[in-house]
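Novice: Following the hints, complete the assembly by docking chain Z onto the known chain V.
Protein chains: 2
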Amino acid sequence: MTLPTPPAASSLDGGCAFADGAYVPLSEAKVSLFDWGFTRSDVTYDVVGVWQGAFFRLDAHIERFFASMQALRMQITYDKAQVRAILHGCVRAAGLQSAYVGMVCTRGVAPKGVRDPRLAENRFYAYALPYVWIASPEKQKQGLDLHISQRVRIAPESVDPTVKNYHWLDLVQSLFDAYDGGHDTSCVVDGAGHIAEGPGFNLFMVKDGVVSTPARGVLMGISRQTALELCQRLGITAHAQPVTQQALRTADEVFITSTAGGVMPISKIDGVALTGLPGPGPVTQRLQEAYWAMHDEAAYRDPVDYSH
Amino acid sequence: MTLPTPPAASSLDGGCAFADGAYVPLSEAKVSLFDWGFTRSDVTYDVVGVWQGAFFRLDAHIERFFASMQALRMQITYDKAQVRAILHGCVRAAGLQSAYVGMVCTRGVAPKGVRDPRLAENRFYAYALPYVWIASPEKQKQGLDLHISQRVRIAPESVDPTVKNYHWLDLVQSLFDAYDGGHDTSCVVDGAGHIAEGPGFNLFMVKDGVVSTPARGVLMGISRQTALELCQRLGITAHAQPVTQQALRTADEVFITSTAGGVMPISKIDGVALTGLPGPGPVTQRLQEAYWAMHDEAAYRDPVDYSH
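Chains as they are written, first to last, in UniProt numbering: chain V, 1 to 308; chain Z, 1 to 308.
Be aware that a few hints might be false.
No copy is singled out in the list; a pair is fine if it fits within one copy or between any two copies.
Straight-line distance between alpha carbons at most 27 Å, and here's what the computed DSSO-like set of lysine-lysine pairs gives [claimed, not checked]:
{"id": "1", "residue 1": "K80", "residue 2": "K139"}
{"id": "2", "residue 1": "K268", "residue 2": "K141"}
{"id": "3", "residue 1": "K80", "residue 2": "K207"}
{"id": "4", "residue 1": "K268", "residue 2": "K207"}
{"id": "5", "residue 1": "K139", "residue 2": "K268"}
{"id": "6", "residue 1": "K139", "residue 2": "K207"}
{"id": "7", "residue 1": "K141", "residue 2": "K112"}
{"id": "8", "residue 1": "K268", "residue 2": "K112"}
{"id": "9", "residue 1": "K141", "residue 2": "K80"}
{"id": "10", "residue 1": "K207", "residue 2": "K112"}
{"id": "11", "residue 1": "K141", "residue 2": "K207"}
{"id": "12", "residue 1": "K112", "residue 2": "K139"}
{"id": "13", "residue 1": "K80", "residue 2": "K268"}
{"id": "14", "residue 1": "K112", "residue 2": "K80"}
The set of hints was computed from the structure by calculation and includes no laboratory data.
Extracted from the complex, chain V is given alone in its bound form:
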């Protein structure tokens, strides 16, 4: 598959998408109403951050995206190097120094009258948007108010959560609950009533200096992985293990991780302050600082060429 020539730097204002084999403005990035990626949510995706002119951990995101496609038995006509080139092309065309960059593969549409998903032609999309924050840097100074919803995350026996997917109605309902109650965001629980994940993020708690994050039934987030690696670097004990609601409510610190903002502090749960002080606790703050410092390490940087 020959790639189209990427548009000139900053030729598209505010964002750029790649759809049907061409770079297009965001407003032209559309999926057929009949694509099974829509009508069956038979789709996988990944998102990666660009910060100050460079992708962060792009390899890891592309690897996971291809693993997700393989798990869903999807194939695209681009290899990993070409996907990388397309993502770079989107960021360059959008002229964004900091960006939220997505790659999407849908099942596509099968030939007329056919219901066999093996016969559909899978479709690839990509895009670059201005960097997205679940909590803005200003909001992070105060910390977020998290609602713990009693809604149950779709079980791993139904949909493999390690394959990044758009099956989010449970999370969306929990968001309604959160906003109705005046909170900032939400998480849902698993079948045992333990903490699962939130809309677009993993959860962590700190108690007596030890960090815990749910072990199963959640996305194996790359930001989650980064936080666990940073704990190791910093000599902070961290475990992936079940986290009860009570443990979260009585934690010393709680934070969330996401490509959309990195490590972000939770200061209240259902309106009740975790500690006397707003903003990040000491462990969260160390991890936040280490997270952003890691963006300067050559091993994790993939600079965008904006020059031509």
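Specialist: Relative to the frame of chain V, chain Z by itself:
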């Protein structure tokens, strides 16, 4: 909301969609890559059949669609009469005497930087396609070979199955299993291992003249409801109750119900014939005949005006 004038009869070939407030060819019916209806599968829909020039049970489908939207806290600018008019307009423009007609509501896109689903502008789509068969009339003469997958249907505690939704990855995976094994279609089970539903259909079994269909954790299909009503009319005892895999495998007859084909016989389960004969058993056959005869009853017909 003023409706656009419906296109002239048969002005669009092979199908017609309604998107962004206008009647368009199917190829132009597209959803934004950033619509939460896609990126969160935050969407509901309904489909209704047109047979020999008339909608079948259109009221029931429109009622369910509006109930689904209400459950997801969605609102569109069209009322029920206008949705009905749009659906009629699609069928007329497509010039289809028999059609598969859909209505879709997506969450839409929230203002920039906002994650609150309450602030998104919901979007409405509709379409008319040539009638869709899960099993063609020819295939129905033989009956289908159903694969019982051990994959677990998304639980009602996570996503309300009575709100018609596109959370189908579990069903899609079961379809891969079915096609890999040389079967025609598939169903999945619930958390207790009992029969749940298939991709786009409800399941029924007949044993010793008594009809059973799963009671919970499944879509409350309108075709399912029609089959239950026809049982009552015909004096056939029918229960909504748990159906075990073993019961299904040893049933006298098994059939499925869907807007995409009505009452359709299963003749084999995982390649093993249910009875000595292919095609529909006697109860299935009575229900099939009654199902199509019901399409002639004025109470359930809503004729399409193709004349101008």
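Novice: What label fits K207 with K112 when the C-alpha limit is 27 Å: within, between, both, or neither?
Specialist: Close neither inside one copy (57 Å) nor across copies (36 Å); limit 27 Å.
Novice: Under a CA distance limit of 27 Å, which applies to K141 and K112: within one copy, between copies, both, or neither?
Specialist: between (54 Å within a copy, 22 Å between copies)
Novice: Is it within a copy, between copies, both, or neither that the alpha carbon of K80 lies no farther than 27 Å from that of K268?
Specialist: neither (41 Å within a copy, 43 Å between copies)
Novice: If the cutoff is 27 Å on CA atoms, where do K112 and K80 land: within, between, both or neither? Let me know, please.
Specialist: neither (31 Å within a copy, 31 Å between copies)
Novice: With 27 Å as the alpha-carbon cut-off, assign the pair K139 and K268 to within, between, both or neither.
Specialist: within (13 Å within a copy, 59 Å between copies)
Novice: Have a look at K139 and K207 and pick one of within, between, both or neither, based on CA distance no larger than 27 Å.
Specialist: Only inside one copy: K139 and K207 sit 23 Å apart there, 62 Å across copies, limit 27 Å.
Novice: Reference check for the pair K268 and K112, CA-CA at most 27 Å: within, between, both, or neither?
Specialist: Intra 52 Å, inter 25 Å, cutoff 27 Å: inter-copy only.
Novice: When no copy is specified for K80 and K139, does a C-alpha distance of 27 Å or less occur within a copy, between copies, both, or neither?
Specialist: Neither, since 36 Å and 42 Å both go past 27 Å.
Novice: Taking 27 Å as the upper bound on the Cα-Cα distance, should K80 and K207 be classified as within, between, both, or neither?
Specialist: Answer is neither; intra-copy 40 Å and inter-copy 54 Å both fail.
Novice: Check K141 against K207 for me: Cα-Cα at most 27 Å, and say if that holds within a copy, between copies, both or neither.
Specialist: Within one copy, since 21 Å is at most 27 Å while 65 Å is not.
Novice: Please work out whether the CA atoms of K268 and K141 approach to 27 Å or closer within one copy, between two copies, in both situations, or in neither?
Specialist: within (13 Å within a copy, 62 Å between copies)
Novice: Cα distance capped at 27 Å. Does K268 pair with K207 within a copy, between copies, both, or neither?
Specialist: within (15 Å within a copy, 57 Å between copies)
Hints 1, 3, 9, 10, 13, 14 from the list above are not met by this structure, while the remaining hints are.
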